[in-house]
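Q: Given next are the chains, with one letter for each unit.
Number of protein chains: 2
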Amino acid sequence: MNKEYEVVIIGGGPAGLSAGLYTSRARLSSLLIERGLVGGQIVNAELVENYPGFPEGISGLELTQLMHQQATKYGLETLLAETTGIELKEGQKVVKTTEANFIAKAVIIAGGSERAKLGIPGEKEFTGKGVSYCATCDAAFFKGEPIAVVGGGDAAITEARHLTRFASKVIVIHRRHQLRTSRILQEKAFAEPKIEFLWNTIVEEIKGEEVVQQLSLRNVITGEKFTLDVAGIFMSIGFKPNTAYLKGVLPLDAAGYITTNEKMGTEIPGIFAAGDIRYNSAQQAVTAAGDGVTAAIYAEIFIR
Amino acid sequence: MNKEYEVVIIGGGPAGLSAGLYTSRARLSSLLIERGLVGGQIVNAELVENYPGFPEGISGLELTQLMHQQATKYGLETLLAETTGIELKEGQKVVKTTEANFIAKAVIIAGGSERAKLGIPGEKEFTGKGVSYCATCDAAFFKGEPIAVVGGGDAAITEARHLTRFASKVIVIHRRHQLRTSRILQEKAFAEPKIEFLWNTIVEEIKGEEVVQQLSLRNVITGEKFTLDVAGIFMSIGFKPNTAYLKGVLPLDAAGYITTNEKMGTEIPGIFAAGDIRYNSAQQAVTAAGDGVTAAIYAEIFIR
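Which chain is which? The protein sequence lines are A and B, in order.
Residues in the first sequence are numbered consecutively from 85, following the numbering used here.
Residues in the second sequence are numbered consecutively from 85, following the numbering used here.
Chain A with its partners taken away, still in its complex shape:
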């Protein structure tokens, strides 16, 4: 027999944990399903300086452990398993996982998104040591230093412009010969004296001792190889929302994101989405937490 919960939450990052805190405090029987580490991708952040309430900063691991402890205190149950599908059956929602299936009155999807990686030598080793996937989070660590941004879309250029307030120089490395971004953003980027461009260029390796010091680059047209000394490298080459198992269940946009209304509701009554998995999410821990709480409040209204 499938076990029943009033709310099943998929994903154990700040969005899911905050949703679970509120649904549990509302005395709705609640199960959170996480496939990896409770905490989500923020557990990789050594120092989170921008979650409001922690002036000295806090590690992503500790922050999400506190959130988990808090939600668990009010009754949230946690299961480590991979969610493989959601089935709608006679008004019921069945959440299928690698461990068991669960029947829920409401489902909150908070599985986050993964930052696309280059997959080059040095990238993994130096993550958090000069390799970053979030300019808003980590820009302040690079005051007065030269840094690189990899990518050529809106996000990359927005991040490059953000970084000019901190870095001595921002070198945008793009594998094509032009940007994929709006004209106005391009013009602003070209007018910015601190931003330089390396066109038709890819990063082949990230090098350093303890922290990032140098990039090995290659021009894809001429084949020329060269190096660039930087203190940091920001990857801005896209995201992949964790929604593969939702195809055919919920409408997803071309990139795989879920569109919600302001109540975090999806097109299916009783299924909510929160955090980075949503189209147009601000992708910050506290906005994800806020999303989760909003979803929880409307899930309660839906159920009662």
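Treat the hints with care, as some may be off.
Copies of one chain are not kept apart here, so a pair can be met inside one copy or by any two copies together.
As the list claims (entries may be wrong) - Below, computed lysine-lysine pairings styled on DSSO-like, alpha-carbon distance capped at 30 Å: (1) Lys331 x Lys347; (2) Lys189 x Lys227; (3) Lys272 x Lys201; (4) Lys347 x Lys324; (5) Lys213 x Lys227.
These are computed hints drawn from the structure, not numbers from a lab.
Starting from the known structure of chain A, arrange chain B on it as the hints suggest.
A: Frame of chain A; chain B shown alone:
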């Protein structure tokens, strides 16, 4: 001469403080204007149990002091003054206060809303000691005890139903003879065995020793006076957003709230709104904080 800032934030609760944290970290010169105590209305909460990251709970005062300290660390300036107006002049935004006027490139309005009060004896004295204005926040303090809810609208009935999970009995006290709420919500409330109604009734006084113990009531039709023993009383008689000075500047709804899009933008480019002052806000500290961060991120994009 008017002093210039890149961002002026009006209101020093969780929304404004979180916005200021992000704009300051983005190295935008930022001024936060607060008319009363930095922290906003949550400073009255003795124990906030539902802000994600604090498993043991934290007082509203301490939480917002931490947020203020954090934002100040990155350069946020704070001014204690009352905002009296916003003027749009030749593409500039002039924020007028009782202390001075300021020119801003972007303005984030985060002035919150005030919970309507009954204004009866005992209400102020017992606030936080049995008198509450937020069922989501305080319901868990009343496990197994009889409690009253004052009001007859959607919010009152939603809160009454939420409270049935905790209280032994929920008595809804309404000054009219019927609810002002949707039919479906009414039917659900009437079907709930734990909810009782006192129609045509007003609360005249709240009594107790240290904490709330008894209400003095009066039937407005018969004039009959009587008492009711309760452990708590939840006021759900509406909110008043702090937007009086914005009439003629921004479109406000009938109740005075500001409507925003998902980027927290208002109808005027460069003016954003965040937190409880928004139409349809979830009115929780962490959703307000999330709103503030979203507004800050889009204010930066607007400015750059």
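Q: Work down the list of hints and note, for each, if the structure agrees.
A: Verification of the supplied hints:
| no. | hint | result |
| --- | --- | --- |
| 1 | Lys331 x Lys347 | both (22 Å within a copy, 27 Å between copies) |
| 2 | Lys189 x Lys227 | between (49 Å within a copy, 24 Å between copies) |
| 3 | Lys272 x Lys201 | within (27 Å within a copy, 50 Å between copies) |
| 4 | Lys347 x Lys324 | both (23 Å within a copy, 21 Å between copies) |
| 5 | Lys213 x Lys227 | within (15 Å within a copy, 49 Å between copies) |
No hint from the list above goes unmet by this structure.
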